[in-house]
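Chain by chain, the residues:
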Amino acid sequence: DQQVKQNSPSLSVQEGRISILNCDYTNSMFDYFLWYKKYPAEGPTFLISISSIKDKNEDGRFTVFLNKSAKHLSLHIVPSQPGDSAVYFCAAFPSGSARQLTFGSGTQLTVLP
Amino acid sequence: EAQVTQNPRYLITVTGKKLTVTCSQNMNHEYMSWYRQDPGLGLRQIYYSMNVEVTDKGDVPEGYKVSRKEKRNFPLILESPSPNQTSLYFCASSRTSFNEQYFGPGTRLTVT
Chain A
1 DQQVKQNSPS LSVQEGRISI LNCDYTNSMF DYFLWYKKYP AEGPTFLISI SSIKDKNEDG
61 RFTVFLNKSA KHLSLHIVPS QPGDSAVYFC AAFPSGSARQ LTFGSGTQLT VLP
Chain B
1 EAQVTQNPRY LITVTGKKLT VTCSQNMNHE YMSWYRQDPG LGLRQIYYSM NVEVTDKGDV
61 PEGYKVSRKE KRNFPLILES PSPNQTSLYF CASSRTSFNE QYFGPGTRLT VT
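Listed in order, the protein sequences are those of chains A and B.
Residue numbers for the first sequence follow the numbering used here, beginning at 1 and rising by one.
Residue numbers for the second sequence follow the numbering used here, beginning at 1 and rising by one.
Honestly, the hints are just simulated from the structure, not real lab data.
Possibly wrong hints are sitting among the right ones.
[To be verified] Here are some chain B residues pointing at chain A (derived, C-beta under 10 angstroms):
(1) E53
(2) D56
(3) G63
(4) T86
(5) F90
(6) F103
It should be emphasised that the depicted structure is a prediction, and the values quoted were computed from it without experimental measurement.
All C-beta atoms in this analysis are idealised placements derived from N, C-alpha and C, irrespective of residue type, glycine included.
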């Protein structure tokens with residue numbers, strides 16, 4: 001049973017528009033969430049994170065929103081650029097000392113010029 | 001340049017032939033981890049290490065071994081590979097277990 005779910009395998013948006021990638025989780029012990037971006041033939045790279053004590057974190061064009069009551073987070077990219085085309089993984093850490101990162105299945109974002 | 005390196009990048013082998021995938025980081029990170037990526041399943045953790053000589057199982061440890069004798073190296077060992085271990089493998093490291101992880105470029109393994 002996947003504890004971190006990304007229900008949209010793919011998403012296409014026009015350049016300049018907003019991209020919204022969604023992620024749901026089931027484990028209430030998760031307290032730190034991260035987004036990673038992955039290009040083909042490369043390892044994932046860290047993009048942005050949010051702690052469960054916050055509901056929003058912003059870094060340039062990227063904003064992550066966390067809704068703890070709904071166990072849902074989203075990544076907003078504004079404005080989207082063709083270079084943002086990649087697979088985006090949502091990931092979560094549980095609280096406690098043995099911190100294992102649990103990943104979602106990923107969403108392929110395609111930004112059309 | 002700060003990086004995580006993995007070798008080999010590509011490997012085709014036969015069932016039962018022992019193999020090792022090496023992983024090395026030059027950032028003096030305490031935490032290292034191995035993942036496998038399979039279609040529709042995302043990245044699943046195989047093993048992780050909180051520090052030298054400290055390792056523990058992740059979500060899918062069966063069929064794999066690891067060791068952490070030095071801080072910079074964390075090899076993944078498949079004693080008797082099977083076709084269901086055909087996958088894309090990533091090594092990762094972070095300063096501590098509480099920090100974001102840096103990933104290597106991946107190793108594409110095919111077991112026939």
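Here is what the structure says about each hint:
1. Against a cut-off of 10 angstroms between C-beta atoms, the interface hint on E53 (chain B) is violated, since the closest Cβ of chain A lies about 16 angstroms away.
2. Interface hint at D56 (chain B): satisfied, since its Cβ lies 7 angstroms from the closest Cβ of chain A, which is below the 10 angstroms cut-off.
3. At a threshold of 10 angstroms, the smallest CB-CB gap from G63 (chain B) to chain A is about 19 angstroms, leaving the interface hint violated.
4. A hinted interface residue such as T86 (chain B) counts as satisfied when its beta carbon comes closer than 10 angstroms to some beta carbon of chain A; here the least separation is about 17 angstroms, so the hint is violated.
5. Interface hint status for F90 (chain B): upheld, as the beta-carbon distance to the closest one in chain A is roughly 5 angstroms, under 10 angstroms.
6. At a threshold of 10 angstroms, the smallest CB-CB gap from F103 (chain B) to chain A is about 3 angstroms, leaving the interface hint in force.
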